[in-house]
Structures are given as structure tokens and as C-alpha cells.
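**Student:** Each chain, written out:
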Amino acid sequence: MTDTLRAVFYRDLVLSRRIGGGGSLAIIFFLGLVTIVPFAIGPDLNLLSRIGPAILWLGAFLATLLGLDRLFQADHEDGSLDQMLLSPAPLELVVLVKCLAHWCATGLPLVILSPLFGLMLALDGPALGGVTVSLLVGTPALTFLGAIGAALTVTLRRGGLLLSILVVPLAVPVMIFSVSAASAAASGTVSFLTPFLILCALGLASFALAPIAAAAALRGAAE
Amino acid sequence: MSHTQSCHLQVADLWVVRGGRTVLRGVSLRLDAGQLGEVTGSNGVGKSTLLRVIAGFLPPASGCASLNEWGAKDLAPLAERVHYVGHLDGLKSALTARENIQFGLTLSGQARLPPREALDRVELAHVVDLPVGYLSAGQRRRVALARLLAADRPLWLLDEPLTALDRAARVMLMGIVADHLGRGGLVLAATHEPLGLPGTLELRLEAQ
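Chains as they are written, first to last, in the numbering used here: chain V, 606 to 828; chain U, 947 to 1154.
Any given hint could turn out to be false.
Sample of chain V residues lacking proximity to chain U, with all beta carbon distances greater than 10 Å (derived) [as the list claims (entries may be wrong)]: (1) 609; (2) 619; (3) 620; (4) 636; (5) 690; (6) 693; (7) 697; (8) 718; (9) 762; (10) 780; (11) 798.
From the structure, some residues in chain V lie toward chain U, with a derived Cβ separation under 8 Å [what the hints assert, rightly or not]: (12) 608; (13) 616; (14) 685; (15) 828.
These are calculated hints, taken from the structure and not from any lab test.
Just so it is clear, CB atoms sit at the ideal spot from N, CA and C, and this is done for glycine as well.
Produce the complete structure using the sequences and hints provided.
**Tutor:** Below, the structure is given as C-alpha cells:
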């Protein structure tokens, strides 16, 4: 079973790198968003550094949503999902591994590049650290929550919009605590740890529960 | 010889409802080891539905399908002992034929032939390392059939297996099917054209 899960992980990573995978699309979108915000706000560095963590988080959230609609849809359309249902590996674990692979292909690069992008938003050292750490914990949570939406909309031809509508309410707690953790790190006046630990809890809860929900939705879609 | 020697497929009084419409009304079927079953009938009569219910993709309203082995206990669920080749190939266009077969093999376990040999059997040795996206419909179909050979599973469910295959490939498919039956396997195919193998059990579904 470990072999099966490793094969799923590796296959999804390979697919995201090859033509049509769109693995780097999210990063370019993220860069575009972060680039355009200073132009929209104007040359006010104080304002920019104050709202910088929130902008980075919004960018990461939208970039994550962007690629999620294909997470299961591609496998559903070409019949790979049927083959996965016939595998001895439980679908819940397959979903979990697919989410991890998706995060490694799209979320992890965002996290790695966020300090660089943060410089463009006039963030200082502690703020950069806070945003990066909160992204590292928060983006997997977004991917897992998004997987529920992706599984529910798997049969819809243009499910991307519906997916966003389904996922946004689920992502609100993640958003609140990640941005407050990042802002706390930036200002230094309130505790960073309190919101950060709640964010960790949200991440772990989505890690444990979302694959079960998504797998149930996919089983329904196979009908 | 083969572990599948003593298998038999039992489908008992299967009722299936889809979208509020009763598609299958009390279908029963018994397929013994080494036997080919052909499900025939006009379009929309429920041939594909029957195969998908047996594979476990669809829950039946009542009745059941089981694959039994004499003297075997603690059998894996039916879904883990079937190969299903449907209208969709289940292949990734961006992966090569070999990668696709290798993945299918790892996914289903029970290795029988290495991917290279399985693709050899379906006469695709020359395109092993080509992305499947570049292959024709018939060639893709053959890659999907090579998956049957790579991983060893007793029951094959084939939905319109002859689609897109040329004359030579049809003969090849019959050879593969006959070979599997000879090893004590079972094949249930939904088809409009008989495969023409001796001892075939025909199940004709009638429109309601």
C-alpha cells in the first residue's frame, strides 16, 4: 500500500511538471497579484507594510484555489478515478496523498517565494518570518479544505467557480488566524503564538477530516 | 498454474435504479472459472451499468454480486479482484505508455508481467516511451488492455472492448482473453459483436 501511495504522489508531481499540469501557474499568478497591489495602493510604504501580510495571504489563497478544480477532475475525466477505486489502497489515503502532492507542487513554492515577494510589499524581517511560517502551516489547510470542494464539483464541467464559493466559507477561520499571526509577528505587541497554535490546530483538523469528506464525495461521483 | 482456478462469479437478482429509473430488473448470472460472459442488448439497456455495479462503482438497489473462491477464506473485496476497462481509458496523456502501465500495476498490486512485456503483448513495443497523448484511439485502447496483463486479477470486466480496435488488434484481444480464460480467469464483456470464443455464456438484456 505504501508503494501505491508513493506512486500516486510521484505521478501527481510528475504530471504537475509536464505540459498541461499548470504547477507553476499558481506562482506566476501569486507574483502578478503581489506586483499589482503596490501600484493600486500608491507610494505609501507604511500602509503597504501594514497590509502586506494580508495581501500575501490573499494572493496565496487565490493562487491555491486556482489550481484546485483540476485536483480530481482530470482523474475523473480520463477514467483514472475508476482505477483508483479498484485499488486496495483506501480512497481516503489516496486523496490525502494527492492533496500533499498538489501542495508540494503549488503551495510549497508559494511558501518558499513568499519572503521574496514580501520584500516587494515593504515587509521587515519579523513580518517576513511571520508570514512565511503562517503560510507554511496555513496553505496545506487551504489545500485540504479545497479538496472537499474539488471532490464535490468533480463532475461539473466548469466547477471552478462553484468550488470557490464552497471553499471560501471554510477558509475563513484559516484566514483569520493566519493573518492575525502574521500581523502579530510584524507588530510585536500581541502574542504570535496564540493565533499560530489555533492555525496549527485548524491545519491538523483539515488534514484529518477533509480526506474523509472528499473521498465520500468522490465515491458518489463515481456513480 | 493460476490462483484463479476455482473462482466463480455469482450475480443474484440485481436491481439497479439510476436517476429514478429502474435500469436493471433482477439480473442473475453465474460465471465459472475459465468462462467468458457476453452481455448484449440494445443501447441504453444497462450493459455498462451492470459492469459498473459488479465493479462496485454503483450500489445496487437490491441483490448482490460476489466472486467466490472454493476453500478460500478472508477474500479481498470484489473491487480489488477485478480489472475494469470502460469507455474511458484511465490513461494520463502526459505520461508515457510505460509510465501509465507501471502506475496501473502499482495501483492494483499483484504483478504478473513487467510493463515492457505487457506492452509487447499488445504490439506497442515501438511506442513504450511515447506520451500516450500522441497515440491514436486504437493504440490508447491497446495500452489500456495492456494493463490487464501487467497486473493479475481474476475477473476482467470489459465494456465494449472492441471499440477503436482494428482487425489485427481484435484477433490479438481474443488471444489475450482466451489466454486469461485458459489460466482459469473470468471475463465479462459488454459488447455488440460476439468475440466468437467457444463456451461463451450470453446474457441478453431486454429493454423494459
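**Student:** Against the structure shown, which of the earlier numbered hints fail to hold, in ascending order?
**Tutor:** 1, 2, 3, 5, 6
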